[in-house]
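Number of protein chains: 2
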Amino acid sequence: MEHRQSVEEQCRAARAAARHLDKAGSARKQQALENMALALDAGRVAIAEANAHDLAAAERGGLSGPKLDRLRLSDKVIGEMMAGLREVATLPDPVGAIDGMWTRPNGLQVGRMRIPLGVIGIIYESRPNVTVDAAALCIKAGNAVILRGGSEAFQSNRCLAQILQQALDQAGLPATAVQLIQTTDRAAVLELLQMEQYIDVMIPRGGEELIRFVAEHARMPVLKHYKGVCHIYVDYEADPDMATAICVNAKAQRPGVCNAMETLLVHQDLAASWLPKAARALREKGVELRGCERTCRVLPDCLPAVEADWSTEYLDLILSIRIVDDLDQAIAHIARYSSDHTEAIITRNLPRARRFLQEVQSSLVLVNASTRFNDGFQLGLGAEIGISTSRLHAFGPMGVNELTTTKFIAIGDGQIRT
Amino acid sequence: MEHRQSVEEQCRAARAAARHLDKAGSARKQQALENMALALDAGRVAIAEANAHDLAAAERGGLSGPKLDRLRLSDKVIGEMMAGLREVATLPDPVGAIDGMWTRPNGLQVGRMRIPLGVIGIIYESRPNVTVDAAALCIKAGNAVILRGGSEAFQSNRCLAQILQQALDQAGLPATAVQLIQTTDRAAVLELLQMEQYIDVMIPRGGEELIRFVAEHARMPVLKHYKGVCHIYVDYEADPDMATAICVNAKAQRPGVCNAMETLLVHQDLAASWLPKAARALREKGVELRGCERTCRVLPDCLPAVEADWSTEYLDLILSIRIVDDLDQAIAHIARYSSDHTEAIITRNLPRARRFLQEVQSSLVLVNASTRFNDGFQLGLGAEIGISTSRLHAFGPMGVNELTTTKFIAIGDGQIRT
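So the sequences go chain by chain: A and B.
Numbering-wise, the working numbering puts 38 at position 37 of the first sequence, and it's gapless, one number per residue.
Numbering-wise, the working numbering puts 55 at position 54 of the second sequence, and it's gapless, one number per residue.
If you are wondering where the hints come from, they were derived from the structure by calculation, not from laboratory data.
Mixed in with the good hints there might be a few duds.
[Stated by the list, open to error] Below, a list of computed lysine to aspartate or glutamate pairs in the EDC-like style, where the Cα atoms sit at most 16 Å apart: (1) 408(B) <-> 376(A); (2) 24(A) <-> 329(B); (3) 24(A) <-> 376(B); (4) 24(B) <-> 302(A); (5) 408(A) <-> 360(B); (6) 408(A) <-> 376(B); (7) 408(B) <-> 360(A); (8) 24(B) <-> 360(A).
[Said to hold, decoys possible] To give an idea of the interface, some chain B residues facing chain A are shown, with a C-beta separation under 10 Å as derived from the structure: (9) 113; (10) 251; (11) 363.
We put the beta carbon where it would ideally sit given N, CA and C, even for glycine.
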């Protein structure tokens with residue numbers, strides 16, 4: 002029972018902190034974020050020590066390669082966290098902004114004022130830098146945040162959270178505005194997901210299993226994306242070199258991320274001309290190709306794709322290819338198999354570009370650009386806390402604005418209803 | 002098992018209909034809504050017959066007075082539904098609107114395009130006119146809708162839904178874009194709440210019990226409000242006559258609704274001067290007063306308020322009154338007891354009006370106007386499907402725009418990530 006107290010007490014403290022942050026003002030929040038960057042710099046020794054504990058334990062547990070690397074808080078990663086903090090510090094403060102104001106016939110002036118969401122919960126896996134990145138965005142938007150990181154990064158996260166709390170305190174803001182759950186016990190996650198009276202929204206970041214677990218057990222709203230099965234459709238009026246360059250970029254520049262292309266849809270008129278050249282360029286980057294029947298006839302050394310390929314997020318140098326009759330078939334394929342994440346058309350034809358933009362309902366729809374642009378920074382939001390593939394509240398990358406909501410305000414001179 | 006099929010089949014048909022509606026275009030949707038108004042007019046006999054069945058059954062079941070009245074589809078109510086349809090028809094179409102477009106340093110043009118949410122579920126209680134009002138807003142925003150009305154209005158709802166479906170069909174839109182659950186079995190509600198793969202958002206409308214049931218069992222996001230415990234704070238620099246007029250309006254003009262005032266907070270300097278006069282005006286309207294200790298000393302015939310009064314939504318001619326030391330105490334009282342619905346300050350003092358607007362975090366915060374204005378039509382949204390008191394997606398009255406979301410669009414000329 003001691004443990005239940007603890008999670009609930011942390012949540013209650015976060016709720017109280019949120020009420021302060023709410024009216025903290027832009028300058029103080031900016032100061033807190035700048036303090037955080039300085040404190041990280043000053044805390045390098047302590048961070049390295051805590052991180053070494055986690056790394057040693059992870060190695061003993063058999064972790065190696067890229068998984069171990071993701072846990073490492075190198076000087077470069079600390080530098081990136083500091084740069085991120087300073088970047089978020091200089092973003093415009095969304096809180097208090099009035100999105101339009103209008104006057105009703107009775108003279109009542111009505112508008113919408115942007116306000117923080119309140120308390121945000123973040124449940125994430127190995128990378129400890131999320132502790133800093135997520136906290137920065139939440140604080141900037143005037144929210145308190147409860148963090149629950151992966152157990153393998155526990156010491157690192159605890160050290161980072163303490164540093165952030167000191168920086169908040171030095172800026173005159175409640176240290177409890179950023180809190181890390183103080184146990185690696187898995188039951189604490191379930192407990193956290195029940196705290197709907199204290200937490201306004203939960204954001205899971207990590208693998209599909211974690212996200213499904215959060216979505217299933219959370220009592221509060223969840224902002225999430227499961228996976229990115231992203232498509233590019235190459236129309237017969239595409240610029241062929243541009244199409245190849247975009248496909249290679251979308252597949253091979255960083256294959257392990259959610260906005261990488263997983264399925265290429267090719268207009269039948271390009272089957273004999275463009276497709277073999279594009280396949281060669283993809284193979285030069287080490288991409289394994291899996292094609293529909295028609296594709297396999299054109300690319301004889303292509304593996305046959307099975308039904309499961311069309312809904313698989315490879316996160317690897319593998320690409321499924323389907324030759325389609327026309328735009329309608331491409332849009333129908335996307336409607337059936339898409340994860341609503343990112344889809345692109347390559348074409349010089351305006352009517353078909355317009356149709357694709359209007360009829361494909363994914364969080365980002367592109368014309369003549371790489372799917373890799375589905376990212377808050379790339380799209381100009383300044384930074385992102387995640388990409389939502391569900392439609393409520395936010396659809397696509399979520400920046401500082403998406404961590405706020407609006408309330409209505411109305412100013413009158415005695416208006417009553419008749 | 003036959004029955005499970007049926008709810009799921011309806012949901013699947015709604016999902017398919019949503020894909021059509023999505024690209025239906027403004028003119029066709031507007032035509033459908035106008036057809037609906039004409040069809041209601043032409044269907045008066047059938048509606049009266051169906052409604053008579055429901056009314057007779059309800060009377061046999063012991064329903065009477067206002068509860069029976071709410072079930073009645075009089076000529077006046079039909080006229081109101083028709084007017085509502087025509088009003089919604091003429092609202093601007095939110096779908097396809099691009100909310101801002103900006104250019105990134107690499108030349109990529111990025112914007113946000115408004116799109117429908119998809120399939121909306123509405124679970125509601127007795128008033129059968131909700132069938133028409135809710136369907137109209139959902140269709141206008143390009144969504145399909147699954148309706149589940151109260152069992153006591155089942156025949157009326159079925160008749161109305163059929164009329165709406167014929168009108169859709171005549172406009173060349175899928176009739177399945179508006180569907181009523183075809184059973185009064187309560188298990189069907191639970192079934193509906195599991196259909197997260199088909200329904201994007203659930204909106205419950207009715208009493209607190211219904212809303213809690215939906216919030217607890219829904220697998221999809223829920224837009225809801227539980228209750229309205231609305232406050233008015235009368236500052237010592239209020240215009241006394243304006244304060245009285247607003248308080249009487251907020252409490253007594255229609256006491257049974259969620260935006261009526263339930264608690265009056267009065268600055269101590271007005272205790273002896275303004276409060277007795279205001280109390281007299283309220284009593285003249287039949288309002289029962291329940292006051293804090295200080296209030297009872299000033300208003301000797303006032304009942305003492307108990308702790309529970311401060312969080313009660315009376316929905317009746319009852320008002321709790323508390324005398325406070327200052328604005329801070331008023332804001333603290335609201336933060337503790339408010340249901341985040343609607344709060345107002347009456348004052349001529351600008352700094353305190355600004356503080357109240359910024360620090361009170363309810364869905365509508367007013368200065369010098371009645372709480373009764375928290376209503377989509379009154380605030381200029383054209384119409385409303387409900388008032389959300391949770392902060393995700395929509396906070397406050399939800400109009401046609403709140404039944405949509407935005408996707409990102411990006412238009413380039415070959416941009417790739419480096």
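Would you settle whether the hint for residue 363(B) is holds or violated, based on the nearest Cβ-Cβ distance to chain A being less than 10 Å? holds, 7 Å
Report task. Below or equal to 16 Å on CA atoms is what counts here, so check residue 408(A) against residue 376(B). Result -> holds, 13 Å
Given the proposed pairing of residue 24(B) with residue 360(A), does the C-alpha separation stay at or below 16 Å? Answer holds: residue 24(B) to residue 360(A) is near 7 Å, not above 16 Å.
**Prompt:** Going straight from one Cα to the other, do residue 24(A) and residue 329(B) come out at no more than 16 Å?
**Reply:** holds, 14 Å
Hint validation: residue 113(B) versus chain A, beta carbon distance must be below 10 Å. Holds or violated? holds, 8 Å
(Q) With the threshold set at 16 Å, check whether the alpha-carbon distance from residue 24(A) to residue 376(B) stays at or below it. (A) This hinted pair is violated, its Cα atoms lying about 27 Å apart.
*asked:* Given the hinted pair residue 24(B) and residue 302(A), is their Cα-Cα distance within 16 Å?
replied: The given pair, whose Cα atoms are some 40 Å apart, is violated under the 16 Å limit.
Distance restraint between residue 408(B) and residue 376(A), which requires alpha-carbon spacing of 16 Å or less:
holds, 13 Å
| task | Go through the hint on residue 251(B) and say holds or violated, using the shortest Cβ distance to chain A against 10 Å. | result | holds, 8 Å
What's the verdict on residue 408(A) and residue 360(B), does the C-alpha distance respect the 16 Å limit or exceed it? Since the Cα atoms of residue 408(A) and residue 360(B) sit roughly 11 Å apart, the hinted pair holds (cutoff 16 Å).
- Query: Would the pair residue 408(B) and residue 360(A) pass a check requiring their Cα atoms to be no farther apart than 16 Å?
  - Reply: holds, 11 Å
Violated hints for the displayed structure, listed by number in ascending order: 3, 4.
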